[in-house]
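The whole structure should be built from the sequences, with the hints applied where relevant.
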Amino acid sequence: MSSTYAELESRVLDLLARGDLSEQDFENCALEIYRFQKERNQPYDNYCRHIGAQVDLKSWKEIPAVPQAAFKQFPLRTFPENETVKTFQTSGTTGEGFGSHHFCSVRLYDESILRGWDFFKLPVLPQIILTPSTAQAPHSSLSHMMGTLKQRAANARQHFCVEDTGGLQIEKIRTLIRESITPLLVMGTALSFLHLFEKGETPALPAGSFALETGGYKGSGREMDKAALYSLFTRHLGLAPENVINEYGMTELTSQFYTHGLGNPHQGTPWLRTLVINPETGMEVVVGETGVLRIFDLANVGSVIAIQTRDLAVRLEQGFELIGRDPAALPRGCSRAADEMLTRTTIPQ
Amino acid sequence: MNTQEIAKALAAAAKQFPLLGEIHEQDLLDVVKWELGHEGVLDDFQPYAGHWTMATGPAAILHIISGNTPHAGLQSLMRGLLLKSRNFCKIPSAGLPEIGQFRDALPEELQSHVEISTDLPAQWIEQCGAIIVFGDDDTVDHFRWLARENHHFIAHGHKISFGIIFDDTAYESIPHAARDASLYDQQGCLSPHVFYVDESTGLNAHKYASLLAFEMEKFNQGNPRAQIGAQEAAEITGVRADYEFRSANSGDVDIWKSATGTDWTVIFDKDPTFSASCLNRVIFVKPLAKNFEESVAAARSHLSTIALWPSTPANARRVRGTGASRICRIGRMQEPRFTWHQDGGQNLAPLVRWIDWEE
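In order, the protein sequence lines correspond to chains A and B.
Residue numbering for the first sequence follows the working numbering, beginning at 1 and increasing consecutively.
Residue numbering for the second sequence follows the working numbering, beginning at 1001 and increasing consecutively.
It should be emphasised that the hints constitute simulated quantities derived from the structure, not laboratory data.
C-beta: ideal position from N, C-alpha, C; glycine also.
Treat the hints with caution; some may be incorrect.
[To be verified] Chain B side only, calculated, beta carbon under 8 Å to chain A, not exhaustive: (1) T1237; (2) D1242; (3) E1244.
Put into structure tokens, the structure is as follows:
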């Protein structure tokens, strides 16, 4: 019999608090969580059996990863449905519905956000948030993350600046910036920043300020090179690229990766690991090569520890350089590919 | 050269390109006759409703040719030559040797009517009277933006196609289906995304899928797929993983794939709702629904070809209301006749200008 959820939660919380877990700590914990999930998460166990994965593995690298789309089709939880206290939903695709990540407790979720923030020494400043609040978007993991980060806002000063109808409160944002005598942290999706920049003049942020941008341009039909986006941060907010932080996360995970500026790798907290996989061979690429990103998150105790993304990344000695999902690299003929038709993505609410 | 001489030269050149299928001089003259009323109407005045008329093509036509469908580019060039236009062929930066090879196979006089470039010389836009674009929506939008008001602008944008097996007791269609799904690595607008199997006739869609997998492998051994980039491979492995997860949890889905790499993939899915492939030889097999038109409704606005087995008049009538502009036999999806109405329209008539003469 494997551990209980409570035991594993407690064990991971301890590791998060320590922050300096060794490779062996990660290995032992990851394999224990895998055994637990295989026993308690029926769809995941079926998949493991289908691909011939054993209960006892030699390395965390062998843990079968679940494709993100599985969260749209199956309830991937290690606890009874009636114990669910929180469900975050992914962006949806017409016909397929939303992906759902269920939680029987958000203790690990919140601790991972806060410990990760501390681990990377991210700025503790008054916060202006360009995403809906948790009240406005109770199923958005991003809104939940922003709300949790109030605990890392200087003097707990945090302002959500989105109307119930979804639009940005432009005047409120400008006033908050104009009247601030201390540096600020402005956080939002890349798309929300674009909307802000398109609304005309925004006062430059006080010296020492930062911005945190996350996510892409899903549902907008827009895309923008990162360097071009960051030049807009300079032009509109007076921020050097070094003062712009990028968060890479997803609803299917509990923890986050961060980088800052241009050309720097994404790095995860000690309770995260990644593999960059050659999609043709299924094997890990060597350092410097490109492949698809597979993520292992110890904090994902209640669902599945290993997630297979479709995002491309370059494997680095430390961390990875995120390329993301590049539509320009998809087939360019006149046959209409799956990604471009029949689908309409939406921003999660 | 008059139209007959041009048609003769084009047919001779086309013989060297099996991908064009059989094209005879008379086929080309017939297109002129059916679309413009008289096979000599591009050479001189012809009788027309009590007076005389003749047609002239644009002085120059700019063809924007997609890299993975040389067949469509060659047909467009041949039409431009039939219209006696100069033809500017903008080919992809990676090149498209078939276009140059075809020009070289023409007599000198026609060769001088063909210019080929991987760039877009500024004077081409200035000089052309028509722009014909093959490619994805971004490409079409780009050239629509470049086009002037006085340009004829014809876009052959994104399209999708599929096949239906109504009856095939010996599963004879399967090698043909594998060929259709594999040619041009599925990137042409005539490439199938799905084969629907009518189980009411005793056929079994799951069995069809498993046999199709065998034929996909066989075809791949003789005709390996082109190298693809990491993103395209990632899409294929992503789709495979999605369906493997579903397959592990439901008997409604099954998947077959090449033993190594991402060469080909066959996915059986009991849900008849149309699924678009991520291309590069990823093909779905589904049972044909009773409410068939409803299950493919999402594809309607972009539908090009429906391939049938057998391709009988009765079966063609069953699918003619789906929005497809071409119905053919499985095995012929990628090789439309020169005379076809591409995207449901005429090919020569929209490009000509008429000169009427009254005695």
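Structure versus earlier hints, numbers of those that do not hold, lowest first:
none
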